[in-house]
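Spelled out from the first residue to the last, the chains are:
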Amino acid sequence: MQILLDTLSVLFSFSGMLSIVAGVAIGIVVGALPGLGPSIGISLLIPFTYAMTPENSMLLLISLYMAAEYGGSVSAILLSTPGTAAAAATTIDGFALTQQGKANKALAVSLSASTVGGIVGGIALLFLAMPLSQLALQFGPASYFAVGLFGLTSVAALSGGSIVKGLIGAAFGLLLAFVGIDPISGMPRFTFGQIALFEGVPMLTVLIGLFAVSEGFLLAESAGKKSRQSVAKGAVRAVYLTFKEWKELIGTMVSGSIIGTFLGILPGIGGNIACWVARDFTVRRNPGLEFGKGEPRGIAAPEASNNATVGGAMVPLLSLGVPGSPTTAVIVGALVLHGLRPGPQLFTEQPVLVYTILLGLLLACLVMFVIASLSLPWMARVVNLPDSVLAAGILVFAILGAYSLRNLAFDVWLTIGFGALGYLMKKLSFPVPPVVLALVLGYLVETNFRTALVTSRGSYSIFFTDPVSVIFLALSVASIVYPIWRAWRSKNASAA
Amino acid sequence: MTFNLNRRAVLAGLGAAPLILQVKGAFAASGFPDKTVNLVVWAGAGGALDTYGRQLAELLNKEAGWSVAVQNRPGGSGAVGVSTVMTQPADGYNILVCTGTLTFGIAQGLIPFKLEDLRYVRAMQAEPSSVAVRADSEFKTLNDFVTYMRENPNKLRVGGHAPAGFHQYILYQLAQMGDFEASWIPHDASGKVPLSLLGDHMEVAVMTPSSGLAQVESGEIRLLGVSTEERSEFFPDVPTFKEQGFDIVDSVWRGIAVHGQTPDDIVAEIQKAIDKVEASQTWVDFQAREKQENINLAEDAYTDLVKRQLSQQTDFLKSIGLVQ
Numbered sequence: 137m138q139i140l141l142d143t144l145s146v147l148f149s150f151s152g153m154l155s156i157v158a159g160v161a162i163g164i165v166v167g168a169l170p171g172l173g174p175s176i177g178i179s180l181l182i183p184f185t186y187a188m189t190p191e192n193s194m195l196l197l198i199s200l201y202m203a204a205e206y207g208g209s210v211s212a213i214l215l216s217t218p219g220t221a222a223a224a225a226t227t228i229d230g231f232a233l234t235q236q237g238k239a240n241k242a243l244a245v246s247l248s249a250s251t252v253g254g255i256v257g258g259i260a261l262l263f264l265a266m267p268l269s270q271l272a273l274q275f276g277p278a279s280y281f282a283v284g285l286f287g288l289t290s291v292a293a294l295s296g297g298s299i300v301k302g303l304i305g306a307a308f309g310l311l312l313a314f315v316g317i318d319p320i321s322g323m324p325r326f327t328f329g330q331i332a333l334f335e336g337v338p339m340l341t342v343l344i345g346l347f348a349v350s351e352g353f354l355l356a357e358s359a360g361k362k363s364r365q366s367v368a369k370g371a372v373r374a375v376y377l378t379f380k381e382w383k384e385l386i387g388t389m390v391s392g393s394i395i396g397t398f399l400g401i402l403p404g405i406g407g408n409i410a411c412w413v414a415r416d417f418t419v420r421r422n423p424g425l426e427f428g429k430g431e432p433r434g435i436a437a438p439e440a441s442n443n444a445t446v447g448g449a450m451v452p453l454l455s456l457g458v459p460g461s462p463t464t465a466v467i468v469g470a471l472v473l474h475g476l477r478p479g480p481q482l483f484t485e486q487p488v489l490v491y492t493i494l495l496g497l498l499l500a501c502l503v504m505f506v507i508a509s510l511s512l513p514w515m516a517r518v519v520n521l522p523d524s525v526l527a528a529g530i531l532v533f534a535i536l537g538a539y540s541l542r543n544l545a546f547d548v549w550l551t552i553g554f555g556a557l558g559y560l561m562k563k564l565s566f567p568v569p570p571v572v573l574a575l576v577l578g579y580l581v582e583t584n585f586r587t588a589l590v591t592s593r594g595s596y597s598i599f600f601t602d603p604v605s606v607i608f609l610a611l612s613v614a615s616i617v618y619p620i621w622r623a624w625r626s627k628n629a630s631a632a
Numbered sequence: 068m069t070f071n072l073n074r075r076a077v078l079a080g081l082g083a084a085p086l087i088l089q090v091k092g093a094f095a096a097s098g099f100p101d102k103t104v105n106l107v108v109w110a111g112a113g114g115a116l117d118t119y120g121r122q123l124a125e126l127l128n129k130e131a132g133w134s135v136a137v138q139n140r141p142g143g144s145g146a147v148g149v150s151t152v153m154t155q156p157a158d159g160y161n162i163l164v165c166t167g168t169l170t171f172g173i174a175q176g177l178i179p180f181k182l183e184d185l186r187y188v189r190a191m192q193a194e195p196s197s198v199a200v201r202a203d204s205e206f207k208t209l210n211d212f213v214t215y216m217r218e219n220p221n222k223l224r225v226g227g228h229a230p231a232g233f234h235q236y237i238l239y240q241l242a243q244m245g246d247f248e249a250s251w252i253p254h255d256a257s258g259k260v261p262l263s264l265l266g267d268h269m270e271v272a273v274m275t276p277s278s279g280l281a282q283v284e285s286g287e288i289r290l291l292g293v294s295t296e297e298r299s300e301f302f303p304d305v306p307t308f309k310e311q312g313f314d315i316v317d318s319v320w321r322g323i324a325v326h327g328q329t330p331d332d333i334v335a336e337i338q339k340a341i342d343k344v345e346a347s348q349t350w351v352d353f354q355a356r357e358k359q360e361n362i363n364l365a366e367d368a369y370t371d372l373v374k375r376q377l378s379q380q381t382d383f384l385k386s387i388g389l390v391q
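So the sequences go chain by chain: B and G.
Letter by letter, the first sequence follows residues 137 to 632 of my numbering.
Letter by letter, the second sequence follows residues 68 to 391 of my numbering.
Read the hints as simulated data drawn from the structure, not as lab findings.
Quick caveat, the model's predicted, so the values are computed rather than measured.
Even for Gly, the Cβ is constructed at its ideal location relative to N, Cα and C.
Here are the simulated distance ranges between beta carbons:
#1 B:528 to G:154: 23 to 31 Å
#2 G:202 to B:298: 53 to 61 Å
#3 B:610 to G:183: 51 to 59 Å
#4 G:221 to B:610: 24 to 32 Å
#5 B:528 to G:331: 45 to 53 Å
#6 G:361 to B:595: 40 to 48 Å
#7 B:420 to G:286: 40 to 48 Å
#8 B:321 to G:154: 20 to 28 Å
This is chain G alone, in the form it adopts within the complex (with noise of 0.2 Å):
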């Protein structure tokens, strides 16, 4: 065996080593960026939304040349994560690795800041949700977990990751649809969640399928639905929510944002910067194994999206009361 480790490895280690010895990273040619980038990660390390931060670091680099650094900061909901990125230069140097729950977190004033507050710079992937249960569970179809909510009121323990974020919304529209009440088991990390499932201290789990994968593909955990439009070409047996006659469709989309201040000319270095990264084979097939859908959505088109679903989830939450 050679041992492999090659010039750019040692380069790209010595971009990291800035956080102890603030080593200058050398190889941007001119511009942005001149010294390493954080990439402020608002989940801890280890589940979905770190694991696309980081490929996108390593993609940064291999195919941009950046120096990056990953840095996470869990907590509140993602407030963490803006204030981390809020509180420092609006010069593109720290961005915000964010995902959908976002939208949440401002409706509910979690996140004591303005959507304006960020520019969206690009959406990169997307995930469904799903209503999962043990591979010993009564349930077959979401209509038998429905159906039952609706006989025994609050009888099943149903959670998932976070207090207030998106699967709390997926099982509230469930709950509205299907009529039925059912209190929210939190999780702080969304790798507890398949393994709660498992141990017996919930019956039904609302997560994304990637959280518990090696247990979905041995069978161990089963999936009654997701809330794709179409069913997911990754699990093609699992019907959808609107096929079985819940039209909830939603997706968590995962992306980068910056300081709402930072310039056009640097948002437009970084643009660049993830297309390259995007166009790369290793981003796709990283997409394709982690079974993310690849949305790809640039500025305005982002943008749009934060409103569009900032207004209705504002809407949601005041209709069952959270929000006044």
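One chain only, chain B, in its complex shape (with noise of 0.2 Å):
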């Protein structure tokens, strides 16, 4: 009890206030910046914490880091430039909303469910760090390739009606994915010599390029054509859902945060990941509804899973003291740095520490509820802009985005390739998210794949010996057969 009380006098001083403000402020701004996310947002920071108490530097970088996932739909919503690769789902009818002038709503969702995500993985870390981390330590090699392999059995709900465009565009991400050093020999492949591909292409210069660079030539070509013209009219309002919507799509958000907290315990799955295997779990459990061209439900699962990431990425951190993901690595460097290790030791030699860091979760949830809705109204705007000067905005976001990166010319290049053929693919109807797909999980099917078969040496049994394997491949099967299956029925169906 004593321990609470410490905690909430922590959490309710005016530093630790503070603390969880700036956190979010700077947040959001940092992931909706392309090319900055959560854990350069926090490298940034630890300077700054060095001569805070270890209560308020966590308060300060966990808030960034919640915030930061949902930081990244905003520039997703409004200029189709994902600000973090977490938020590239949230592009797809983020955007299309936008173009139909109903930015606001689609912020409102965003926000909603980003809100929703970061509670529901906050609550779970709450409860469920020791049971949920012992389910993360089950994951082996052949679990992970299994996982990413059902998350791209996706690439047919991504499609938009051409399968074949899809399975082309998947293609070509997986092609991207093999560039680098090979995770298995450490020798370098398909790099054409470049020390700039050593470490792959970079995740964000293909983000940026496919979906925002190409946007830019298309708003400057139409911008072209007719004079002054805005992407959307309309009034910016608050951005809150009404009731209504609440009950519509407190389901996928909740869905979205379960997925979302899930696959954050793993070590090496966040958000960039969740965010897909979210929506593609709502398409197909809305068969009816179109996603793609601005369904809520579209925005609401990839924002929703997010941010659960957050509170599952802080299980293992937490209660093993390892790491889940290059954010909370960040993290237990702010934590070294203070002289402390995380680990379960914690729980015991810095209770008030560890609660604050478990409601401070929470508590920056709601913060960042209350200081974004104030501020979207104001940022909504944007869109009101006429089409020139918000190509020429986008373009110029972009392209910083993609030096600031590794402060390398060649990633600007890189983006501008990326972009044109982005534009060409837009033009020839063929569908971007599949290669943003295949290129993220890529790497995570790759490398598990090789090595559960080093593991297992050579044999392919480990794949069906696995029970977390087993259930994945079949829900693989599953995805891409049923749906073959209703179609032939109701074709038989129809003949007859």
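Assembling the complex is the task here: the two chains are given apart, and the hints tell you how they should meet.
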């Protein structure tokens, strides 16, 4: 009880609240700017925390983490520029709504879903950290492979009509994923001798190029045809959901949150993968709805999931002392600089710090909701700008983001190249998301497939003896076979 | 509770801001450095190397007044980090934070640079490798493990951090001396190694004890041996490889290097700053807490060390046929 009181007095002290508010505000901006994500944001803030108490510095960093997972969606919705890889899935339906003049609604859905996701993930962390961490330990290379493969089956749902075009896109994405150092032998491959490609094709250059730069080109083109036109007109109102909308979307938000929490606890899987899995789950659950053309569920699911991964990623950190995501890894660094080691012993040695993290995460979600809902109506005005201005703005942001990634001009050219490719794809109505999905999952699937085979000395039986692997392989098969079988049956029925 | 965010912290934060704002660091009195210095850590955020890099960054700021930014450039057994430094001007503003696997990468041709392409400024900490098992393992000594491996070729799953790195080298040496064969399960982050061990996805890990420190201290993970000369002061109950009959004494150093063409006067400025870091109580405490040996080798001794390691490791890799 004393611990709880001490924790609350830390949380609601002036400095505690200031840390949360600052973390959230910086987090939203860092998330919204392409090229900067939660892990870079936290790295940048670590020097600030040297002189703060461990409790306040953790509040600052976890608030930033939470808000950045949300912030990525703001630019995804308004500018078709996913600010973080975890917001990529949001771009599809989010920007579609913006083009229909409903940016407000898209932003409202994204904010509410992010808040729900953050809270669900936070509650799971608070009450289930120990059992969830034991679950995470069950995942070996075969299981990771099967989960990744299951994720890849959602290509169909992202293909927007033409499965063949979707598969071509996915194959191209996998091809990109193979570029870089071979994860098992350590030899470089498909790098054309370019050292800049040793760590692979940077995810963000593909994301920014395909989504944002291509959109910039399209806007510039339409601005050239007509003078002074804007993406959308529409009054900019406050961003709250109506009761009816809440009722409609809460199921999607909760399922997205649960998916995000579970994927978040798995080391190496974060919001960038969870967002696609959650969106795919919702698409399959609602076969009657038209996704890709501004369906709010297509925003609610990925946004709930990426914020839920925050609580999930803290699970292995607090219960095992091992970080589950690049961002939590940076948080470990910050703890170590305060002379602390994350791990189960922290619960007995520093209970107030642990409970400050656990409860602070929940409080950060609420603060995020308030700050974002106050500032969004102003941000949303960006869509009322003329197309020509917007096109230039998107391109400038995209190039800056690409450069800030590694300070390499190479990445800028790569991004522009992917932008041109994305422009052509959109002109030829090739879906862009399968490329991104395959690139995100390619490394996970390949590394774990090969690691599993090293583990089993080349025997494929490992994929069928590992229970988690069996479940996800079965799900993968079902998700391919079931739609085919359904189509075949309905064809037969109509023929008869 | 008071809000003790003092002026230095604000300045330090501003120092990190140039990545976004390109604000000039304002506190270096003269000459080097007059802007933010990048510490290029060639591993992902959160591992032992990253922790060292970040502690160094904090102390360079606190003790020497530098404005420092930490950049993580993981990938390619360090090739990405080396190339990051090599593609930047030789002005000392990009300092590589690297480990003993450097010589491996060069020997195998994975890091497409020569030893002479870098100047080895200071080796600051060293840590042994160890053979680790879960608490419920039947193996109590290194000999239990080696004997089992000899009698049951390739029966156990053994792995650790990175393909073709320091820990795999330790296993190779052990395999040579113990006359057994073992394949290697690489992990792309050192933090995943203890998880893989605890989750029963491997029976044996070859790892630095600190990568699973919480579990080593709680007894969930048992160390069968460590690769130090004498028993480690941090793990006095764990016998060395040597006292168990396997003469493998090797540690992975962590230190800093700069572009090979960096002028002497700039390297001297860096050395001065590092001296201040080494002298600080925070550094001494950090080393003890993180269970690191304080080796503190300056440029000459450090360069000798990497040269010696490169030739030993090249010979070794040739003898087992990994390098022509």
